[in-house]
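Colleague: Start from chain A and add chain B according to the hints.
Chains A and B supply the protein sequences, listed in that same order.
No gaps in the numbering here: position 212 of the first sequence is 212 in UniProt numbering, and each next residue is one more.
No gaps in the numbering here: position 93 of the second sequence is 93 in UniProt numbering, and each next residue is one more.
None of these hints come from the bench; they were simulated from the model.
Don't take every hint at face value.
Since the list can't tell identical chains apart, any single copy or any two copies may satisfy a pair.
In silico DSS-like pairs for lysine-lysine, Cα to Cα no more than 30 Å straight-line [stated by the list, open to error]: (1) 235 x 183; (2) 374 x 423; (3) 183 x 155; (4) 235 x 360; (5) 124 x 272.
Each chain is listed here by its residues.
Protein chains: 2
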Amino acid sequence: MEKQIVRVGLMGFGTVGTGVVRIVQAHQEDLQKQTGLGIEITKILVQNAEKSRSISEMDPLLTTNADEILNDADIDVVVEVIGGISPAREYILAALEQGKHVVTANKDLMALHGAEILAKAEEKGCDVFYEASVAGGIPILRALVEGFASDRITKMMGIVNGTTNYIMTKMSQEGADYADVLKEAQALGYAEADPTSDVEGFDAARKMAILATLGFRVPMKLEDVDVKGISSVSKEDIAYGKRLGYEVKLLGLARRDGEAIEVSVQPTMVAKHHPLASVNGVFNAVYVHGEAVGETMFYGPGAGELPTATAVVSDLVTVVKNMKLGVNGRGVVAPYKEKVLKADSEKLSKYFLRMVVADKRGVLAKVTQLLAEKNISLEQVVQQPYNNGSQAEIILVTHQAAKSDMDSVLAYMEGMEIVEEIKSCYRVEGGE
Amino acid sequence: MEKQIVRVGLMGFGTVGTGVVRIVQAHQEDLQKQTGLGIEITKILVQNAEKSRSISEMDPLLTTNADEILNDADIDVVVEVIGGISPAREYILAALEQGKHVVTANKDLMALHGAEILAKAEEKGCDVFYEASVAGGIPILRALVEGFASDRITKMMGIVNGTTNYIMTKMSQEGADYADVLKEAQALGYAEADPTSDVEGFDAARKMAILATLGFRVPMKLEDVDVKGISSVSKEDIAYGKRLGYEVKLLGLARRDGEAIEVSVQPTMVAKHHPLASVNGVFNAVYVHGEAVGETMFYGPGAGELPTATAVVSDLVTVVKNMKLGVNGRGVVAPYKEKVLKADSEKLSKYFLRMVVADKRGVLAKVTQLLAEKNISLEQVVQQPYNNGSQAEIILVTHQAAKSDMDSVLAYMEGMEIVEEIKSCYRVEGGE
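Chain A with its partners taken away, still in its complex shape:
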C-alpha cells in the first residue's frame, strides 16, 4: 500500500520549532492538497521535557533522547532547528545515514559543514533543504535552484544581515555615530549584547558562503570569504558617500568571471539608483545576475519566527512532494566544481577613497599621478579644506581597478609625507 502519511521528527522546540508545529497543524488541509499526503509530527527532541510550553498538546511527543528519532524507522523526515554545530551536525549525518530526509535552518552548520552534509545526502539519495538558513523570509535558495536551473549565475550581491543593515540605515538617515546606533539597536533587541558576529561580518559571511556554494556549485569555505565589518564606518564616510551618490551597505558579494570566483563581505558604497541601496532597516535582499534572466532581486524579512518557520515548512512540503514523485535526493547537488579563487589582481572594482593630506600646492597632482602609474583612473574627485584649512581632504572615486593595485597604492600612500591619513577605502558597486 502506498504511504499516506509522512512522519516528521522535530529536533528543537524553541520559537522556530514552535512556529513549525503551529503552521503544520493549522494548514493540514492545504498541505494534503498540495502534496497528496498527510504530514504528522510524531516526535520532538527537547532538552527538558518538564518545561511548560505554549503548545501543551505536544507533550506526549517530547523526548530528550535523539536516538528515539534517529532510530525510529517510521520517521521519514528530520527537521533540525536546534542550531549550532554540535550535536546538530552529528544528528543530521546520522539521520541521513538512516535514509531520512533533512530540513534545517542552521546557517552556522551549513556554512561550515555544508559540503559534507550534501555529499552524505547525495550518497544516500536523501533530500537536504536549508532555505531558512539564509534570509529567512526570502525564498532565495529555492530561486537559485529552481528559477535559475536553466541559467548560469554570474553574480550575487546580498544584504543578508539585518542587524548591520539596521545600523547602517540609522547612521545614514540620522547622521548618527556607529557607537550610538549600536547601543540603540541593542536596546531594541536588533543587536545582541555581544554583537561581534553581526557587526564584524561573520554572520553575513556564513550566508554568502552558502549562497556561493549553491549558486556556483563550488565548495566555498568560510575562510574563502574576505570579511570586513562595519565597526570602522564613520558618519563622515556615509555623508560623503551620499554627496557622491552612494549609500554605504554591508554588502556580500559573490562573483564569477570565467571559472574564477571571489566572495567577500565588506562595507560598500552602493550607487543610490541601485535597488540594493534602498534596502533599509532590518530587511534583507539578494540581487542575482543570471546570464539568461539578467538582473533579479529578492527582498524581504531576513529573520523572525514566522518567516523562518514558514521557510522550514515550505522545505518540508518540497521533501514530501519529492517523496511522492520518487525524486528525493535529485535536487541535492553537492558542490562538484573545482574551486578556483581569484587572485587579488583579478578582483576588479571601483573604489571610493578618502584621505587627509597636507595643504600644499600639487598634492592632488601627486596623488592622481601615483594612481595613474598603477593604471587607476578617476571618475570623481573632490578636494576641500580640512581642519580649518590647515589640511586638505581628498575624496576619490576610481574607475575599475584591481584590488592588488589598490592595495599597493594604499600601502605606498601610507608612507608618503604629504598624506596625513587615509581615512577610508570602500568598494563601489551598482554603478555600472
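Modeller: Showing chain B alone in chain A's frame:
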C-alpha cells in the same frame, strides 16, 4: 505501465514558442531529473507551415489545424503562446474540456477571461498556469501561490510595465519631457508605434487584475481597476516630487482592508527610500505585503524572449510534477470569494497636490482651511513665486485622506477664483 513521457502540444511558434522549444531541448536531462518524466513536444500549431524557421528540425511537427492538437488523446499538456483573445480562449477551453493541462503566457486573455478558464480547469481537474503573463522574468505568481500559501496577502504594489517605467526613469534622470522620451523609447523599440496600451496604463491594469484575482481569490475584472496613464505627467511634477523625497512611478496598487478591495494603476509619488522607487528602466518589480511574512519584493526583467520562455517552461515542469504526484488541478483556485469593492470614501491615501494660485495675501490660508474642513491634514507645504512672481505656486503633501474627500476638494478648488490652475494630483505611497 506508468507514463514515462509527457507529450506537449505547442500553440504558437514565435519568439517565445521558439524559446520554449530550445529550452526543452537543451535541458532534457535536467527536466527528467527534476520531474522523473521525459518531456516531448509532439505537435506545434502555426499559421503557415511553409515559412522557414530557425529550428528546422521541428518541421515534421508543424500543423495549421488546432484540432490535431486538441483531439490528440496522446497530448497531455497544451502550451499556448499565440496571444490575443480569440482563438486562444477557444483553444484553451477546448483543451481543458479534453482534460489537457494548460500553460499560457497570455495576459490579455487571463485578465479578461481568467475566472472562466480557471473555473473550467477546476471542473475538469486540470492545471492552468500563466506565470509568464505577469512580469515575465519574475516568478511572482508562483510566489503568491506557494510562498504565501499559509499567509494572507493584504497589499500588492507593482511596477509591471517596462515601457512606462523606462519613460518615467528617463524623465526623472534627465529632466526630459514626456513627448521626447516617448519618441526615444519608440526609436529604441521599448515603446510601440501606437503606445496607448502601455502609456495609458491598460497593460499594467491587466496585470494588476491578474495579481489581485490570484492574491485575493476574488474575480477582479479589468473594469474594476481605476486606470490613469502617464501621458499627463510633467517634468515639473517629477522635479517637485524629487525635492520632497519622491519618485513618480506608474504604480499598480491592489489593497485589501477587511474584505474590501481596491485596485488601481496610476502615476504615483513613491517615497525615495522605498525599494520600488529605485526600480528603474524597463525593469519590473512587485512588492507584496503578507500578514505573516511582512514586506517582500520581487524584482527582475518584465519581458524578453528568454525570461518569458523560461517562465513558461517552469510552469510546464510544475504540470509534469503534478501529473506524477496525481495532484493536477489542486493548485488551481478559481476565485471563490465575493467581490467587495471599496467605495471612494474607503480608499485612503496620502496625496501630492500642485496648483497655481493668485499671488494674494491669505491664499495659502484659504486653501489649507478648505482642506481642514474635509479633515485633510498636511504633512508638507511649499509656496513659492510662479510666473515671475505674478502668481504663486503651492505644493502640498497631505496625510491620509479619503479619495472622495480629495475629489470633492479638487472639484471645489476648480471653481475658486483664487485658484488659477490645479496642475497635478498624485497618490503618495511607500512613505509610512
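Colleague: At most 30 Å between CA atoms: does that hold for residue 124 and residue 272 within a copy, between copies, both, or neither?
Modeller: Neither. Shortest intra-copy (47 Å) and inter-copy (50 Å) distances fail the 30 Å Cα cut-off.
Colleague: For residue 235 vs residue 360, is the C-alpha pair at or below 30 Å within one copy, between two copies, both, or neither?
Modeller: within (27 Å within a copy, 45 Å between copies)
Colleague: Is it within, between, both or neither when you check residue 235 against residue 183 at 30 Å Cα-Cα?
Modeller: Intra 15 Å, inter 43 Å, cutoff 30 Å: intra-copy only.
Colleague: Regarding residue 183 and residue 155, is the shortest C-alpha distance of 30 Å or less found within a copy, between copies, in both, or in neither?
Modeller: For residue 183 and residue 155, neither the intra-copy (34 Å) nor the inter-copy (34 Å) Cα distance is at most 30 Å.
Colleague: At most 30 Å between CA atoms: does that hold for residue 374 and residue 423 within a copy, between copies, both, or neither?
Modeller: Within one copy, since 20 Å is at most 30 Å while 54 Å is not.
Hints 3, 5, counting from the list given before, are not met by this structure.
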